[in-house]
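A.B. asks: Sequence:
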Amino acid sequence: MASCDTTSLLEQIEANILARDDTPFDEINEHLKKLQALADVYSTFVSTAHTLTDHAQDHILPQKLALRVKKMIKFTFGDPSRAADSDKVRSARLRKLDCNALKFCGLAYKVNEVCLLSELHFDLLLEKVTEFVCTRGLIEYLYRDDISKAVTTQLNLADEERDREYQKFLIANISSRPLKRSRATYDGSGTYSTTVVPNESPSKRQKTVTGSCLFESYLGSEVFVLTMHQVEEIIQSGRFGSDIRLIVPIYLETPPFITIPIANDVAIHHMTTRLAGTS
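In my numbering, the protein residues as written are 1 to 279.
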């Protein structure tokens with residue numbers, strides 16, 4: 001709706017209110033309060049979205065916005081021992097957001113601003129942010145280099161439940177990314193050629209092996225190319241299992257490869273390292 005149409009509609013509402021003697025003013029006031037709060041929240045959302053989309057992906061966002069994301073994640077998942085009770089409640093509610101909605105909250109609001117929001121503003125923030133991020137097509141912009149590096153900074157959490165929630169957030173952040181990656185094609189002579197291809201959205205990624213599926217879909221999951229140095233780190237850590245398998249692809253034009261089971265936190269460390277380095 002155009003701005004002039006919105007203004008005209010509001011003027012009509014004003015005229016209707018003033019023309020009636022039985023106007024339920026208390027009810028109207030409640031609706032107006034919610035509308036004002038919603039306008040405040042959306043104004044912040046829209047301003048943040050413009051900042052996010054107007055700056056090149058390979059440039060750092062202004063006003064240390066990526067650092068805000070890091071602080072918001074720390075507030076959401078970090079040690080709550082020194083936090084006020086009201087802040088603990090808000091951090092718990094923020095943990096229920098999906099990874100991209102939480103990152104956008106970090107861009108839109110400083111931690112202290114989130115803590116100072118009225119209950120109505122905070123409720124509307126949580127209610128509307130996921131839909132806003134999705135409908136405005138902002139997900140791809142939330143995986144720019146500076147934001148990805150802020151997200152992948154590990155937190156050392158003593159609380160096991162909080163740590164599990166944080167690890168789930170990191171995994172969701174990786175699996176939801178719409179980044180471009182290299183597809184390796186094997187010509188049968190021992191050499192590769194690589195082309196950059198866009199990822200499918202998580203909902204469209206294949207979960208079965210077909211003749212046309214990509215290498216990264218082979219196991220129905222994400223595949224990350226590690227450096228030899230990273231492989232050596234894993235071996236030296238000793239945190240891997242004995243169920244080592246040799247896989248010879250039948251449907252894919254790729255060479256045979258081996259799989260080694262490793263500890264979950266080791267996997268997350270190397271996934272986030274590769275994501276931060278290749279986004």
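Don't read these hints as lab results, they were simulated from the structure. Careful: at least some of the hints might be erroneous.
Subject to a maximum C-alpha distance of 25 Å in a straight line, what follows is the list of computed SDA-like cross-link-like pairs (lysine to any residue) [said to hold, decoys possible]:
#, residue 1, residue 2
1, LYS149, LEU138
2, LYS149, ILE247
3, LYS149, SER118
4, LYS110, GLN57
A.B. asks: If you draw a straight line from the CA of LYS149 to the CA of ILE247, is it 25 Å or shorter?
C.D. replies: violated, 33 Å
A.B. asks: Hint check: LYS110 vs GLN57, CA-CA at most 25 Å. Holds or violated?
C.D. replies: holds, 22 Å
A.B. asks: Is it true that the CA of LYS149 sits at most 25 Å from the CA of LEU138?
C.D. replies: holds, 18 Å
A.B. asks: Given the hint that LYS149 pairs with SER118, test it: the Cα-Cα distance must not exceed 25 Å.
C.D. replies: Not satisfied, since the Cα-Cα distance of roughly 31 Å exceeds 25 Å.
Figure legend: structure checked against the earlier numbered hints; hints not met, in rising order: 2 and 3.
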